[in-house]
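Please construct the entire structure, taking both the sequences and the accompanying hints into account.
This is what each chain is made of:
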Amino acid sequence: MALQGNLRDFSVTKLLNLIHIAKKSGTLTIQGPNELASLAFLDGKLIYGQRGDEGGRLISVLRYNQQLTEEQAQSLQQRPEAANDKELGLLLIHANYLTQQAILQALHKYLNDLVFRLFTWSEGVFQFYVGILPPDDRITVRIDLENLIMEGARRMREFEQLQEEIPNLDLALKFTDRPDARLRNINLSVEEWRVVSYISPKNTMRQIARANRLSEIDLRRIVYGLMQAGVVEILLPEGMPPPPAFAKIQPMPKTAEQAGLIRRLAERIRSL
Amino acid sequence: MQTVKMVVTGPFNSGKTAFIRSISEIEVVSTERKISLEVEKVKETTTVAMDFGRITVDDDLVLYLFGTPGQKRFDFMWEILSEGMLGFVVIVDSSRPETFREARFILDTFRAYAPTPYVVAANKQDISEAWSVEDLRIALKLDPSVRCIPCVAGDKEKVKGVLLELLNSILQEIESGGKS
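Note that the protein sequences, when read in sequence, are chains A and B. If you read the first sequence in this note's numbering, its first letter stands for residue 590, the second for the next number, and so on. If you read the second sequence in this note's numbering, its first letter stands for residue 13, the second for the next number, and so on.
Please keep in mind that the hints were generated in silico from the structure rather than gathered at the bench. Keep in mind that the hints are not guaranteed to be accurate.
Below, a sample of chain B positions facing chain A; criterion: calculated Cβ distance under 10 Å [said to hold, decoys possible]:
no.	residue
1	Val-16
2	Asn-25
3	Glu-37
4	Ile-38
5	Glu-39
6	Phe-64
7	Ile-67
8	Leu-73
9	Leu-98
10	Pro-109
11	Ala-142
12	Asp-167
13	Lys-172
14	Glu-187
Even glycine gets a Cβ: it sits at the ideal position worked out from N, Cα and C.
Structure (structure tokens):
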């Protein structure tokens, strides 16, 4: 049976929960708006993952964790062992460049960061390929999904809170005109400055995110911080209608007589 | 003459009308209209008030099946239809995960109206995109005690299976004194 769908309808947190509970083995691919990621699972445990085409291989994982310089990575790529992650790992261990533990920690960190990144994806399509696992030459780990899901849920809560505070990225920002705003005493990070530099009634938050290559959650986090500091304000949208309320009625009383009635109904349906 | 009723509910285009048509002994009294909203044009017509099917048990007993309208703007009908029902079937299109959240909402709403027994019919299991019943259970966060049955709404035997499971659930609740 197919396990496929859209992240708008079934979030990454729910997907991982399903894989964890059902102890699934196979590969989950998620095509986001701009990139592809895939995660492999064995008996409901995360064992491997990659972002895009180049990710997932040991050299790129070690590069990602800054355990190799670009020159070292290029040099290793030339070696025949580079085609096989396990052979490459042994080479690095025998050369006393890295310990086995350091390699496994690097893989854990790479996978954790990849999953945490996926938690922020709200758009994309996914498909789970039952029984498809990484090639034998890849180094796999076993990461319990429970903690990842809990952390993911926490991040999603933060994401949802930020979405509540900043519901529409198609709105523009403006600098507050409060007379008590002490802009001179505020220390902004580089990313905050970049966002601030684009603030204008002509630029929507989505445009600012795109111009700065920020994800939606990163942009929301920065804007929220700037709002809390009293630096910026959102040009507010129209109010939303409240959700409808539902009335309750009492349950139908059940009597012993009904049991006979139900049996008669069942008998009739069987005979149809 | 005693009449009893069961409600068949579920999201838009989940297969409620087909489900009732498969089992009803009369031509289903359907209140379908041509779809006006562009986004809902995945089929030509939809139920706007209710579908109505009948199964005569004997001279003294008749079962009516009421299908609810799937579109949310007709949800004012749900409470009316839920009054006095023996139980209800939530039909879910297993191939459209975008409707799972709504299915869960409908399920919770009907449970709030009347905490009668219910079953979930994992419909459209005959198409390749369908999620398995096990995956659907997890996606809908169904309690282990809730029955989720594979279904093809156009297949009379499958529909019979779903209704029998619902009757079993009702019987169990009666025999347990409403504690199940």
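Here's how the hints hold up against the structure:
{"no.": "1", "hint": "Val-16", "verdict": "holds (7 Å)"}
{"no.": "2", "hint": "Asn-25", "verdict": "violated (15 Å)"}
{"no.": "3", "hint": "Glu-37", "verdict": "holds (8 Å)"}
{"no.": "4", "hint": "Ile-38", "verdict": "violated (13 Å)"}
{"no.": "5", "hint": "Glu-39", "verdict": "violated (16 Å)"}
{"no.": "6", "hint": "Phe-64", "verdict": "violated (17 Å)"}
{"no.": "7", "hint": "Ile-67", "verdict": "holds (6 Å)"}
{"no.": "8", "hint": "Leu-73", "verdict": "holds (6 Å)"}
{"no.": "9", "hint": "Leu-98", "verdict": "holds (7 Å)"}
{"no.": "10", "hint": "Pro-109", "verdict": "holds (3 Å)"}
{"no.": "11", "hint": "Ala-142", "verdict": "holds (6 Å)"}
{"no.": "12", "hint": "Asp-167", "verdict": "violated (13 Å)"}
{"no.": "13", "hint": "Lys-172", "verdict": "holds (5 Å)"}
{"no.": "14", "hint": "Glu-187", "verdict": "holds (6 Å)"}
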